[in-house]
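Modelling step: build the complete structure from the supplied sequences, incorporating the hints.
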Amino acid sequence: MKTSAIKSGHPLSEASKLDFEIDEAARMAHVLRLKRERQQRVGRLLKHAFLIGFSAIMLYPLLWLLSSSVKPEDEIFSTLSLWPSQFMWGNYVKGWYALPQSFTVFTINSVIVTSLSVVGNLISCSFAAYAFARLTFTGRSFFFALMMMTLMIPYHVVLIPQYVQFLKLGWVDTYLPLVVPRFLASDAFFIFLMVQFFRQLPKELDEAAMIDGCSPFKIYWSIILPLSLPAMGTAAIFSLIWVWEDFLAPLIYLNDIKSYTVPLALRLFLDQEGQSAYGQMFAMSVLSLVPVVLFFVLFQKLIVRGIATSGMK
Amino acid sequence: MNRFIARNGPAYAFLLPWFLGFFLLALGPILASLYLSFTRYDMVAEPRWVGFDNYVYMFTRDRRFWKALNVTFTYVALAVPARLIMALVVAMLLDKGLRTIGVYRAIFYLPSLLGSSIAIAILWRQLFAADGVVNRVLADFGIPSHAWITDPNTSIYTLVLLAMWQFGSPMLIFLAGLRSIPRDLYEAAEIDGTPKWRQFLRITLPLLAPVIFFNLVLQTIEAFKTFSSAFIISNGSGAPADSLLFYTVYLFNEAFKFFRMGYASALAWVLLIIIAVFTGIAFLTSKYWVHYENERD
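Going line by line, the protein sequences match chains A and B. My numbering puts the last residue of the first sequence at 313; the count rises by one with no breaks. My numbering puts the last residue of the second sequence at 1297; the count rises by one with no breaks.
Just so you know, the hints here were simulated from the structure itself, not pulled from any lab data. Errors might be hidden in some of the hints.
As the list claims (entries may be wrong) - With beta-carbon atoms standing in for the labels, derived distance ranges:
1. Gln272(A) x Phe1023(B): 37 to 45 Å
2. Trp1197(B) x Tyr97(A): 40 to 48 Å
3. Gly1280(B) x Val105(A): 44 to 52 Å
4. Asp1184(B) x Phe87(A): 54 to 62 Å
5. Val31(A) x Tyr1186(B): 21 to 29 Å
6. Asp271(A) x Phe1258(B): 16 to 24 Å
7. Pro72(A) x Tyr1186(B): 49 to 57 Å
8. Gly139(A) x Phe1258(B): 37 to 45 Å
9. Phe87(A) x Ala1189(B): 51 to 59 Å
10. Tyr1186(B) x Gln196(A): 26 to 34 Å
11. Thr1154(B) x Ser102(A): 34 to 42 Å
12. Ala1189(B) x Tyr60(A): 33 to 41 Å
13. Phe1019(B) x Leu205(A): 21 to 29 Å
Here the structure is a predicted model, which means the values were calculated and not measured. Quick reminder that beta carbons are idealized off the backbone N, C-alpha and C, glycines included.
And the structure:
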């Protein structure tokens, strides 16, 4: 109506002019908003497309490993396709028994070392973290600084004297050099992680408990620990994954193949590379990663939060 | 005295395992390794004092030491920035306007958990082998195949790529950092018509500086310590032509293959000093480029 009025040159009252301008502005805004929304939608779509493509690249090596573990030997390197022409599940069975000891032995060894280490880490690190975060004592900030400095020390620097010492103790070729340090809070990462968490709990809890006559141990055991299950869970999962994948310490301390952990056993496949048992090697590699992936999928929230709060590797 | 015990007793009791660990597994060994670094020691005969011989030999005559430094520094200089830039870019992509971020986050983080395992090192060797997948893909683009791992000129890049693949954990830390930047800053900039790249330079980077600093220190230390993947991919020796002779691999071989424990201890101390210097520089310079939120009043 109004547009035609303008076009035909009829005089307009001031009011309708204003009306028109408001209408026009609203229309423009609407168009602009639609345009921006469309742009945003397109932008989001592009972003998703990129992220999906990028995810595919990131996952490709893992999928390749998985598919190669069930491919016929001659197909592993000859085709890019991830889908095997036939599934060689036998690789898993043959791989399991391919080495002088079966993977039953290696898996049991790894489980022993890992579970003892996790328990050791949880006990000793939560002890230290409780003292640092909740108790006041002479030299607290000094010792805390020392503890943080040990985070920086490369394992290679303490390795040789430790080895000499453990050798003198007759501990080489046992699990003691792998497990005992974890009962002595040697993974300072976890102390740091737990300190961060313990500090957030309200101080009034300790004070109230103290007034009720609770000992520091009682406070640790029945107040701090139950409230810190997420932090303990995060520490448990990380230490589980790291110990499970640990290579250097077992490489140095375990010489007898009967006591090998899974990563050491995997390395034996490389020595036999000439015999072209790639399928079996990949099959066992896949199996070695299964616990890690499984724990990641189950406890993703704890892991993500753990990294975000403590910035672990 | 009694009051001292009453005040500190419980705390020291809780710290006992850590104290033991600190003295027996950290401080003691570090000092022992300092002593051993001035000796010749093969684990059979007692250590024999040789003064600064190990260090003099290392810096003046040991070509492999310089090679190992060269390899390690090259790796650190390439892998750390590459990994951090990748982490930051992906974190910024994930940070804004996506609701399904969880799945991507999981996919991008998974390699960080698996990356240092032996299984992945074995996989990497095969991916980049002369008849491996990478060459096959490149062949489709008409690029001639190349023995990435056995060519000393390219072998280091396979490890840099492996490091880049594991950008997940700095990405998570960046994501947490990006979340803590107040949204209204961007909204205000948007209203003023500030272009995105300037928003990035003027808002994101300065406010993220503490997180970037943290990631940089952490990742640099990590990169200096790289061992397992280099050990597996180089067949335990630093081959080909010492191009994968990471410092840690060299140290390991000196100590546990040739049993030159004294010399290896000297190598260990040099590594410790290098890492300490880098961390020190980072902290000393941080006040010029890292500003913490609560410092402003």
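Violating hint indices (sorted, rising) = 2
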